[in-house]
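Undergrad: Listed below are the residues making up each chain.
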Amino acid sequence: MPEYTLRIRRYSPESGEAAHWQDYDVELDGHRSVLDGILQARDRQDGSIGIRCSCRAAICGSCGVRINGKPNLACHTHLDKAHQTAVDGVITVEPMGNMPVLKDLIVDMDAVHWKKIQRVTPWLLPEGEAPEREYIVPPESMIDVTQTMACIQCGACVSDCLSMEVDPLFIGPAALAKAYRFVGDPRDGQHAERLRNLAEDEHGIYDCTHCFNCIEACPKGVAPMSQIMRLRRIAGADHGIDDRNNGHRHEMAFVNNIERNGLLHEADLLPDSYGGKFHPRAMPELLSSLPVILKAVARGKVTPAGALLHKHKASKEVKRIFRDVHDREERYELNLYVVGEEEDE
Amino acid sequence: MPAHDVLIIGAGLAGQRAALAAARTGATVAIMSKVHPVRSHSNAAAGGINAALNPDDSWESHAFDTVKGSDYLGDQDAIEIMCREAPNEVLWLEHAGVTFHRNAEGKLGTRAFGGASAARTYYIADITGQALLHVLYEQLMKHHEQIDRYEEWFITSLLQDDAGNCTGAIARNIRDGALEVFSAKSTILASGGAGQCFKPTTNALICTGDGIAQAFRIGAPLMDMEMIQYHPTTLQGNGILITEGARGEGAHLYNALGERFMEKYAPNKMELASRDVVSRAEQTEINEGRGFPDGTVALDITKVPRKRTLEALREIVNIGRDFAGVDITREPIHIRPGCHYIMGGVKSDVHGATPIPGLYAAGEVACVSVHGGNRLGANSLLDTLIFGRRAGEHAGERARHVAMPTPDRGAVNDETRAIDEIMSRSGGRRVSAIRDELGTMMNDKVAVFRDEAGLQEAHRVVRRLKEEAKTATIDDQGSVFNQDVLSALELGYMLDVAECIVVGALERKESRGAQFRTDYPKRDDEQWLKHIDLSRNGDDVPTVSYSPVTITKWEPQERVY
Chain A
1 MPEYTLRIRR YSPESGEAAH WQDYDVELDG HRSVLDGILQ ARDRQDGSIG IRCSCRAAIC
61 GSCGVRINGK PNLACHTHLD KAHQTAVDGV ITVEPMGNMP VLKDLIVDMD AVHWKKIQRV
121 TPWLLPEGEA PEREYIVPPE SMIDVTQTMA CIQCGACVSD CLSMEVDPLF IGPAALAKAY
181 RFVGDPRDGQ HAERLRNLAE DEHGIYDCTH CFNCIEACPK GVAPMSQIMR LRRIAGADHG
241 IDDRNNGHRH EMAFVNNIER NGLLHEADLL PDSYGGKFHP RAMPELLSSL PVILKAVARG
301 KVTPAGALLH KHKASKEVKR IFRDVHDREE RYELNLYVVG EEEDE
Chain B
1 MPAHDVLIIG AGLAGQRAAL AAARTGATVA IMSKVHPVRS HSNAAAGGIN AALNPDDSWE
61 SHAFDTVKGS DYLGDQDAIE IMCREAPNEV LWLEHAGVTF HRNAEGKLGT RAFGGASAAR
121 TYYIADITGQ ALLHVLYEQL MKHHEQIDRY EEWFITSLLQ DDAGNCTGAI ARNIRDGALE
181 VFSAKSTILA SGGAGQCFKP TTNALICTGD GIAQAFRIGA PLMDMEMIQY HPTTLQGNGI
241 LITEGARGEG AHLYNALGER FMEKYAPNKM ELASRDVVSR AEQTEINEGR GFPDGTVALD
301 ITKVPRKRTL EALREIVNIG RDFAGVDITR EPIHIRPGCH YIMGGVKSDV HGATPIPGLY
361 AAGEVACVSV HGGNRLGANS LLDTLIFGRR AGEHAGERAR HVAMPTPDRG AVNDETRAID
421 EIMSRSGGRR VSAIRDELGT MMNDKVAVFR DEAGLQEAHR VVRRLKEEAK TATIDDQGSV
481 FNQDVLSALE LGYMLDVAEC IVVGALERKE SRGAQFRTDY PKRDDEQWLK HIDLSRNGDD
541 VPTVSYSPVT ITKWEPQERV Y
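The listed protein sequences derive, respectively, from chains A and B. Everything in the first sequence is counted per our numbering, starting at 1 for the first residue and increasing by one. Everything in the second sequence is counted per our numbering, starting at 1 for the first residue and increasing by one.
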C-alpha cells in the first residue's frame with residue numbers, strides 16, 4: 001500500500017499556541033481521497049484533527065479546504081493526484097481563505113459565506129397567485145438553472161475570490177451564482193428588481209474582476225463567474241440597467257468598432273465607450289484624457305488625420321461572423337447541462 | 001434557556017418540512033442539527049420523488065406498487081395516505097421553487113424507476129435530493145422570523161418528565177462545547193438513518209442512528225429494525241452510490257460472462273425490479289462465481305444516449321470519473337449491492353406521533369411503516385416530506401393544548417459529567433477501532449443473505465463491543481469543535497441500533513423483503529405477517545413484541561417482477 005505524507009495546518013483556539021503545520025503519514029491506495037487520508041490520520045493517530053465532512057462523495061459540501069494551496073473538496077481530490085502537485089512530495093492541507101478559521105481545517109462559513117447568500121434574497125419571489133397545478137415553463141430554462149442548483153455551498157469559490165480579498169464586502173461568486181438561479185428561473189417575478197439591486201450595489205455584479213479563480217475552484221462545474229457575466233448581460237441587454245463601471249458600454253464600443261472597421265480603431269473607442277463623441281458624458285472623459293492624447297500626438301503615436309479619417313472597412317468575413325451571431329435566436333451560453341446534439345466521438 | 005412550542009431535531013428534508021409546517025400552525029419553532037442543514041444526507045437521494053400526478057396514473061397504483069415493494073409488510077393505511085397526498089406535495093415543492101425537470105410542453109416530466117408500474121418519478125437531473133434540500137433551506141431562510149435555526153448543535157439526550165412526556169432535549173453547541181436544555185411542548189425527531197453501522201455504506205458519516213437510539217433510550221419502541229436495504233448499484237470499496245435513475249434511464253446489468261442476468265430473476269421488470277430482488281440477484285451471481293474478481297457485476301450506462309446521460313445523469317458521470325476512474329458514457333462500471341437504507345426505525349403513527357407523548361418521528365429515523373420489508377426507489381424523499389409535514393402540523397397543534405415544560409437543570413449536570421468521563425478515560429480501545437470492527441462485521445453477517453449462525457455471532461460481537469465502548473478512549477480534550485467526543489457518543493448510538501437490527505433479524509425466521517434467511521428461504525405469512533417491535537430492557541437484550549400489519553385493500557400475494 002502506498003504511503004503519503006499529509007502536512008495539515010493545525011490551530012486550536014484554546015491552546016494559546018499559534019497555528020502550525022503537523023505531518024501525518026497515511027497508507028492508502030492512490031485513488032482514495034485526501035479526506036480518506038485525513039480520516040485515517042484522525043482514526044489512527046490523532047483524534048483531535050478538526051475537519052467538517054459527511055458524504056465522502058462531493059455532494060454535501062462540508063470538506064472544503066486548500067490542498068497544495070488550491071481550494072477543493074478533500075473528498076474530491078485523489079491522493080495520487082495531490083501527490084503529483086505537492087512540493088517535495090508532501091501534500092499540504094489548510095483551511096479555506098477569506099473566512100476566519102475556527103479550528104484546524106474548519107472555517108466560519110456563517111460569518112462570510114451564509115451572510116452573503118442571505119444578501120441576494122435567496123428564495124423564489126413569484127408574481128401573483130400560484131397556479132392550480134405546476135407553473136408551465138420552457139424545459140430548457142429548468143435545465144439551464146440546474147447548473148447553479150448544482151452548487152453545494154462548499155465555499156471553495158469564496159476561498160480564492162480575488163475581488164473578495166480586496167473588497168471583503170463583495171457579494172462574491174457563490175451568492176451571485178445563487179442569484180442567477182432566480183434570475184434564470186422564469187417563475188420568479190422580480191428579475192428586474194433583483195438585477196437593479198445587484199448592479200447598483202458597489203459590491204455587486206460589477207465588482208468581479210474576471211479572474212477565473214472561482215471557475216477553477218468549483219468542484220461542481222457551477223462556473224460562478226460565468227453566472228455573474230450572465231447576470232450582467234441580462235441586466236444590460238434585457239433590462240437596460242446601467243453598468244456602474246461603464247464596462248457594458250465599453251464592451252459594446254469594442255464590438256461595434258470591429259463590426260464597422262474590421263480592425264480596432266482605437267481613437268473611436270474612448271468616446272464610443274461613453275456614448276459617442278457628441279454625448280454629454282463623453283466630453284468630461286475626453287477632457288480628462290487630453291494629456292494622454294496630447295502626449296501620444298507629440299510622440300507620433302497618433303496623428304489627427306489618422307484619428308479622424310481612417311479607411312478601415314470590415315471585410316465580408318467579419319460581417320458574416322457578426323451576422324451569424326446576430327441571427328442566433330438565443331444568446332450563446334456556456335452551460336454544462338445544456339448540451340448539443342450527440343457530441344463528436 | 002431556549003423554549004419553543006416545537007423542537008425539531010435534524011434538518012434534512014423531513015426536519016425542514018416539519019419546521020415549515022409547524023410554523024404555519026402559528027407555533028414557535030426551533031430546528032437543530034449537528035451539521036449545517038444543507039449538509040444533511042437528504043442530499044444523496046439522487047433519482048427523484050414518486051407521485052401519481054399524471055391524469056392517467058392513480059394513487060392506488062402507486063400504493064399497490066409500494067405495498068408489493070414492501071413485501072406486504074408495509075401498513076396500508078399509511079401507504080394510502082402517503083400516495084394520496086403525494087401529488088399535492090410535489091406541486092407544493094414546485095411552487096416553493098424546486099426546478100423540476102419539464103417535458104416538451106413545459107409541464108412536470110417523469111422518469112421510470114424500480115418497482116413502479118408507471119413512470120411517476122419527478123426529478124431534477126440526478127441531484128433531486130440536493131435540489132429539494134437547498135430549496136427548502138431557501139424557505140427556512142425566508143421564514144427566519146418564525147423558525148430559529150440551531151446549526152451545528154449535537155443532541156446528547158431527550159428529556160422526559162415524571163409522567164413520561166418528552167419535554168425537549170439537551171444539546172451541545174459544537175462550536176464551544178456548551179450544554180443547554182431546549183424545552184419544547186412537542187419534539188420531532190428527524191435525524192435520519194443509521195447506515196454507518198455498516199461498512200462500507202452509501203450513507204454519509206453523519207448517519208449514526210442518533211435519533212433512533214435516543215428514542216429507544218427513553219422507552220420508545222423500534223419497529224422493522226431487521227429491514228436493511230442493500231442498494232443494487234454501489235461502488236466497490238468506498239460504497240458510493242450510483243443512482244437507480246441510471247437503470248430508470250435504461251442502463252443494463254451484466255455478469256462477468258456478459259449475460260444480462262436479470263432475465264433469470266425478474267423477466268418482466270428486469271433491472272427495474274424492487275431493490276431487494278436486484279441486490280439478491282447480483283449477490284447470487286457474485287457468490288456463484290459469475291461476478292468479476294473484485295466481487296462486482298457491471299452496470300452498462302452506455303445503453304443510454306450520451307446526450308441524455310450528460311443532461312440527466314451528470315452527477316454519476318462525475319462520480320464515475322472521480323471515484324472509479326470510469327467514463328460511464330463509454331464503458332460499463334463495476335458495482336455491487338451496498339448498505340443503503342433502514343426501513344425500520346422509531347415506531348410512529350400516520351401523524352408521526354410515537355407512543356411517547358410529545359415525541360414525534362419523521363423520515364428515515366421513523367417507521368410508520370410505509371416501506372415495510374423493502375423501500376421503493378424515490379419513495380424515501382416522499383416519505384420525508386409527507387410525514388415531515390404531517391408531524392409538523394400535528395406537533396404544532398398539540399403545542400396549543402399543553403403547557404411549556406419547566407427545564408430540568410439537573411439533567412445538564414449529569415450530561416456534563418458523562419462527557420467529562422469520556423474525556424478522562426485512558427487505556428481502552430480507540431473509538432474508531434470499535435466503529436470499524438462493528439461496520440465490517442455487520443456488512444459481513446447482517447447483509448443480503450443471513451443465517452442463524454452468522455446472526456448469533458453478530459450478536460455476540462455487538463455485545464462485546466458494547467462493553468468495550470464503555471472504556472473506549474479519545475484524544476481531544478477541547479471544547480471547540482471537539483468532534484472526537486461526539487464520535488464516542490455516536491458510537492454508543494450505533495451500537496444500540498446495531499443490536500436491535502441483529503435481534504430483529506434473529507427473531508424473524510422467514511425471508512421477506514430485505515431480510516433473506518438462507519435457513520428460512522420462504523416468506524411465511526402465517527407466522528410472520530407482523531411487525532417485530534423492540535423495546536429497551538435496561539442494558540440487557542431488547543424485549544421483543546409484535547404488532548399487526550394494517551391491511552386495507554391489498555391481500556398478500558406471491559411477489560414476482
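Keep in mind the hints are simulated off the structure, nothing from the lab. Where hints are given, some of them may not hold.
Stated by the list, open to error - Keeping only pairs whose Cα atoms sit at most 30 Å apart, straight-line, the calculated DSBU-like set for lysine-lysine is: (1) A:K81 / B:K307; (2) B:K142 / A:K115; (3) B:K264 / B:K107; (4) B:K509 / B:K269; (5) A:K81 / B:K269; (6) A:K81 / A:K115.
As the list claims (entries may be wrong) - Here are some of the chain A residues that sit facing chain B, going by a computed Cβ distance under 10 Å: (7) D36; (8) R52; (9) E216.
Built from N, CA and C at the ideal position, the CB exists for glycine as well.
Undergrad: List, from low to high, the hint numbers that the structure doesn't satisfy.
TA: 3, 5, 6, 9
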